[in-house]
Amino acid sequence: MPIPAVVRAEWTKARTTPDLPLAMALTVVATLTVAALVKATTADTPDPVRVGLLGLQLGQAIIAVAAVQLVAGEYGTGLIRSSLLAVPRRWPVLAAKALILTAATTATAVVSVAGCVLLDGRPGFPVRPAVGSVVYLGLVALLALGAAATLRSATASAGVVLGLLFLVPSMLRWLPDPDWADFVYRAGPATAGTRIQSTVDVDTPWRGLAVTAAWAVGALLLGALTLQRRDHG
Amino acid sequence: MIRAEFTKFRSVRGWVLGLATAVALFVGMGWLTAAGSFTSCDDQACPSPPVGPEGQAVEDHFGFAHRTLTGDGSLTARVRDFSGIITYPPPNHDEIVDGLVPWAKAGLIVKSDINPGSPYAAIMLTADHGVRFQHNYVHDAAGPVDARWLRISRSGADVTAYASADGRNWTTVGTMSGWSGPVRIGFAIASPPDITAKGNPMGGSIVQARFTQASAVFDQITSTAGGAWRYDEVGADGLRTDWEKLHRAPGMTTGSDTLTLTGSGDIAPATDMRVAPYLAGALPALLAILVVAVLFITSEFRRGLIRTTLLASPHRARMLAAKAAVIGGVTFAAALIAVVVARPLVSHVFRANGNFAAPTGLLTDLRLSLGTAALLAATAVCAYALGALLRRGLLAIVLAVALTVVPYLLATASVLPVAAGEWLLRLTPAAGFAVQQAFPAYEQVFHPYTPADGYFPLAPAAGLAVTCLWAAGLLTLATVRLNRADI
Amino acid sequence: MDATIDITGLRKSYGPTAALREMTFTVRPGQVTGFVGPNGAGKSTTMRILLGLDHPDGGTALIGGRRYRDLTKPLEAVGALLDGTALQPSRSGRNHLLWLAQSQGLPASRVDELLDEVGLAGVARRRAGGYSLGMRQRLGVAAALLGDPPVLILDEPFNGLDPAGFVWMRDLLRTRAREGRAVLISSHLMGELQDLAGHVIVVDRGRVVADAPTRAMRERYGSLESAYLELTR
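Residue numbers (UniProt numbering), protein chains in the order written: chain A, 1 to 233; chain B, 1 to 487; chain C, 1 to 233.
If a hint is listed, it holds; no wrong ones were tucked in.
Cut-off 20 Å, straight-line C-alpha distance, at most; resulting in silico cross-link-like pairs (SDA-like, lysine to any residue): (1) A:K39 - B:E422; (2) C:K73 - A:R81; (3) C:K73 - A:A5.
Residues from chain B that keep clear of chain A, each with C-beta distances beyond 10 Å, as calculated: (4) S11; (5) C46; (6) P53; (7) E54; (8) S74; (9) P182; (10) A209; (11) D232; (12) W243.
Which stretches of chain A does chain B cover? Using the computed rule of at least three CB atoms under 8 Å from a CB of chain B, they are: (13) 48 to 58; (14) 62 to 72; (15) 163 to 169.
For the record, the hints were derived by calculation from the structure and aren't laboratory data. Built from N, CA and C at the ideal position, the CB exists for glycine as well.
Modelling step: build the complete structure from the supplied sequences, incorporating the hints.
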């Protein structure tokens, strides 16, 4: 079956259960709620742009879990077998899911970031953090998708992805060796990627996003390999 | 019923493994953190800070003009002038300005000897905080704001400090007991560094400290102790700044009826201290525990096992409570095992790498260990209650993470403004992390006491209470829902 | 396309347990072929390998001379019913068939035709999570028939059906066989198969122990049930 047919089928799948649309709406709501709260409680910070985009910290968790559910949900219900009976070459299923997820996440991220910028209200919100945040959110979603295709269990995947996104950054304060902390900071998918939002730490921000992209690509490759190799009976 | 639920728990390999993973993460992360921490001081043992009479690591560096007092006696003086310099302060950091930092202090002190860390009691005029009576590094009491006259006197085992605005009407500011034998009595000058702190995106604060120096001129001196004033720089490290070399050296000068002291440093509890990072693994362990706690209940709903459970024990509220007790108890036990293993191991590795682990005292140690276990247990019950309420594993896990791990992360990673972060740590279940604060925030030392530096807005017990309230509230909601639902 | 299933020397182990040891048989078109054996004999494993879900350790499983994975529009070549309960509960039955149809480039009208044929037209727009076991089974059959395939492979098709459902399923399978399709069904219902199947393959411990016309089995053992009990002792 040609790829467009698979994409179309996956699109139907995605829109006919409430999970993804709900997650998209929740992401926007959560992001903007945090942004509004931060705005209300914050007077003066060294990096107002990053603080303005802080809501995405929570938003990324919701998008990541939706991405996990997109794949792991099929394993949970056994639906994956129907999918693979329809597309026995297998990898196009993952590719189509990745495509649809990227589209959905980008749309969500654009709305969320635009909301943050409007809430921020200051003239001349810089372009790089805004655009970078949209790209970052898409990469996080793909990382979660790849992790779910690799681990095939929703809870395990959600645990690993949320761990990567939230635990790695929060462990930094326990690493007193600055070299270690710096390495983890620059190599973690969340810490490296969100450097794109900073207007203070402006040293090679796009390289940080490239690190996140490497994580996403790695997870997707691992996921594709698992999908291709493993039994799905 | 609790026994039945415990059997259910231990008979699912995944859950036991999940809990074992939590223990392994707890110990492993602590070990990794300690193994990655090195302190080295040019191939020799690093000097550790002095330890005060009450067990805390302390800062004890000041200019001291003293006489020996063998029995009872007193010293009275007026602080005639109090001035100083601050090197390269913000915003431009380009010049040395006249001025005092808020906690620069000059005054009278009784100290058992001139060794750093020895017991003392002092009545000091500070730059911005009026007259203070401080003793044994950690105790600090406010005196009159406008007094310039100070008196310290010893009578038997008691040292009492007084302050006065005019030298005639005296107020007692404080007393410290337990003195015996000969003591040193005299004048002290201290000027802590000028500090600015900014949030570090990697967590914690980046603290910049700049040299300051204070000078005080004392007059109207009355002393019952005889002899000449001897000068010592207590806790001197032998280093001299350019300012001290070229402009004004620390020391004492005596006039006909005046005594001038110039110096830097502080007499205070040490800040920037660390305990061995044996609690570093609590957060990763928490994530594993959250997953297990949620699955403990949602898998029953998903598999329809809940019907069998309710046939066996139709009292639904009791069933939920029994399960909550099991998940809470099991988590507490596992966390306690993790702490008991991690503490000696991590401390050993940490010290072996040349790091100084600040002493905390037995009570604090117990609170850190038991508190962390209680925190993990209470958070597990929160997650379990969310699972019972929502019945969907993934949703409950995400929400549990959003309520506990995310607020803690946002508040401690210096991303959020401090005030907003502190509110998160007051209102969300993450408030319980307050049990992990190893050192109190001392008002008498200027330091960034932010969550990112390990200082929480609530007291340990209050923080833990907030987490427990969340657990109780969520459990109540879950009970209400289950009681009304058709299964 | 040639509607024949060829299983040749199929081997598969799960860890130390051998599920299939040299499984070999052929399913010919124009009749219903019963696939029987005790639990764990290898029926489901054979079907999963045949459908490209599991990888064999050795041997081949071909449909019309081709591996399932090499089929371009697999649902037009093979219809399969594996586990009728494998559904996303929040998606409606119609949408479940819709994405499957789209993945094969089939028109949406085909979905409505089938919903009529399996008797689910009335509930097609309801959440699949609310379906009874019998309704799920019917939906699974509809998915199998979607591409009007010349080969049908059904695992325990009578599961969860009411008496009317039995009659319906029986007629459906007979009709398809009479049309010249190959129909392979696994079942534990010997009485049902005795009337329905023209040919029976009995497997035990991972290999074929009998492969004969139903009539021949009955003549030799008295009934299919006796034959089964005798052969798999």
